[in-house]
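Protein chains: 2
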Amino acid sequence: MGSNFYYKLENAWSISNSMVCVGLDSDINKIPEFLKASEDPIFQFNKSIIDATAKEVCSFKLQIAFYSSISAEQQLIETIQYIKENYPDVIVILDSKRGDIGNTAEQYALESFTRYKADAVTLNPYLGGDSLQPFLNYSDKGSIILCRTSNPGAKDLQDLICDEEKLYIKVAKLASTQWNANKNISLVIGATYPKELKEIRQVVGDNIPFLVPGIGAQGGDLENTVKNGKNSNGTGLMISSSRGIIFASSGSDFAEAAKKETIKLKEEINYYACR
Amino acid sequence: MGSNFYYKLENAWSISNSMVCVGLDSDINKIPEFLKASEDPIFQFNKSIIDATAKEVCSFKLQIAFYSSISAEQQLIETIQYIKENYPDVIVILDSKRGDIGNTAEQYALESFTRYKADAVTLNPYLGGDSLQPFLNYSDKGSIILCRTSNPGAKDLQDLICDEEKLYIKVAKLASTQWNANKNISLVIGATYPKELKEIRQVVGDNIPFLVPGIGAQGGDLENTVKNGKNSNGTGLMISSSRGIIFASSGSDFAEAAKKETIKLKEEINYYACR
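Line by line, the protein sequences are chains B and P. Here the first sequence is numbered in the working numbering, starting from 1 and rising by one per residue. Here the second sequence is numbered in the working numbering, starting from 1 and rising by one per residue.
Okay, chain B solo, but in the shape it has when bound (with noise of 0.2 Å):
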């Protein structure tokens, strides 16, 4: 039951038997050389790491600054095409982390279930409820809010003492609570804080799914993420791998070898979650 997009999601974790967000953040810099000759070499690249991962997966996420940065949005929408093409039952996330108010989160929107056609969107609280609404009413896409970050600078913020709990929790309230009446919010939360993770998912209950970060290049510890971060049906997480998976060979094998390091994740995960 619930929205359109817990049931998407239930059913990309179903089919897949995964956990795994794979973040193709196909940094220009950073992939095998022999693609840089093509026209388009970062789809050519997500085309191919899509292709080797997709079955293993329940989503993938675009980071878009590694797109707008360098012009490539066409590239952006043809990847995003190929996946829906292809592997329709994956979730297409489109990381952004938009944050305005009224008439220009309407753009914003627009944006990311218009021009982009991505399922769920990442978003920042900080300007509040009405600045999250334009997204929230497109009830069949999810609106992926920023609860607790990975980053180290996440404290300056997030970790304030607001009305005796700290100001993550207040936006772990809010969005299960007040935000959430299309059923449609998920929440971002840092495999770096695991104990947080725990602490949120007590709050916030068994129903909002969490997308999370911080595995891998930085640092983040899979066993007590998972145990901490998973639901009572040993569900509720997407766990994103980028550098880790994508770049994991910079070589010819680079599609094999993101295959071999996201079923080896997949299966980590699997091992924590029944436990």
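Because the hints were derived from the structure by calculation, they are not lab data. Some hints could be false.
As the list makes no split between identical chains, a pair holds if one copy fits it or if it spans any two.
As the list claims (entries may be wrong) - Derived lysine-lysine pairs resembling PhoX-like cross-links, with alpha carbons at most 25 Å apart: (1) LYS183 to LYS155; (2) LYS55 to LYS227; (3) LYS173 to LYS155; (4) LYS198 to LYS227; (5) LYS166 to LYS155.
These numbers come from a predicted model, not from an experiment.
Chain P: place on chain B using the hints.
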């Protein structure tokens, strides 16, 4: 003195004798009908507005969502280039409210300063100081950080009391002290909250410029905005108006109407700034 960005802004205030910032929120659905036959209607619209108003403003602000929602990045680039070539003293603000961690923030800094060549960019502080640092490192560029926004939902997070002071005061203090080593920070504070403007000006002192949206369509009170927000030199503000200026007329006299509204706003601001 101060950084190149503060110097450039002082220069812009001085040359134009104006604290008006015209917001080029050039919604394709709202520009005059007769322009829509053009190949680049938004650029043509902007060009006319810019030529009519550039001598009367300290800055132009471009809300990227109105461009990215309709794949009009090229017209955004052309608009900024046009301002730089013809009115080099006017500050160009990319209003994109970016906020992300380490290597992604670096990509967004490239988007802002290398791709679009803006003089300043708006940023969201929820992810903390390390997420802002890649922007702050561009010491000649302005980092304009959301502090107290103009929308009703701003209260959801920004007004929470953290250690006996509101969250937006925490942000103002962090921004004006810890984060401002390169003297290139400004703050966004909505005109709809003149009491908060006064409080923040007292906290940060004279040196931090404020970008103030919320005049006009959003109902901000100009007299109290200017009196409460100005610094002791009678400057310190970029007061932004978008719809009230650029859509003042929907006929062929749209640029002339925009000029008239700009001059009216400039003179009102200057009247209150001297009192």
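Results of checking the hints against the structure:
1. LYS183 to LYS155: Classified as between: cross-chain Cα gap 23 Å, same-chain 28 Å, threshold 25 Å.
2. LYS55 to LYS227: Cα proximity of LYS55 and LYS227: one copy only (24 Å, versus 61 Å across).
3. LYS173 to LYS155: both (18 Å within a copy, 15 Å between copies)
4. LYS198 to LYS227: within (8 Å within a copy, 48 Å between copies)
5. LYS166 to LYS155: both (10 Å within a copy, 16 Å between copies)
In terms of the numbered hints stated before, the structure departs from none.
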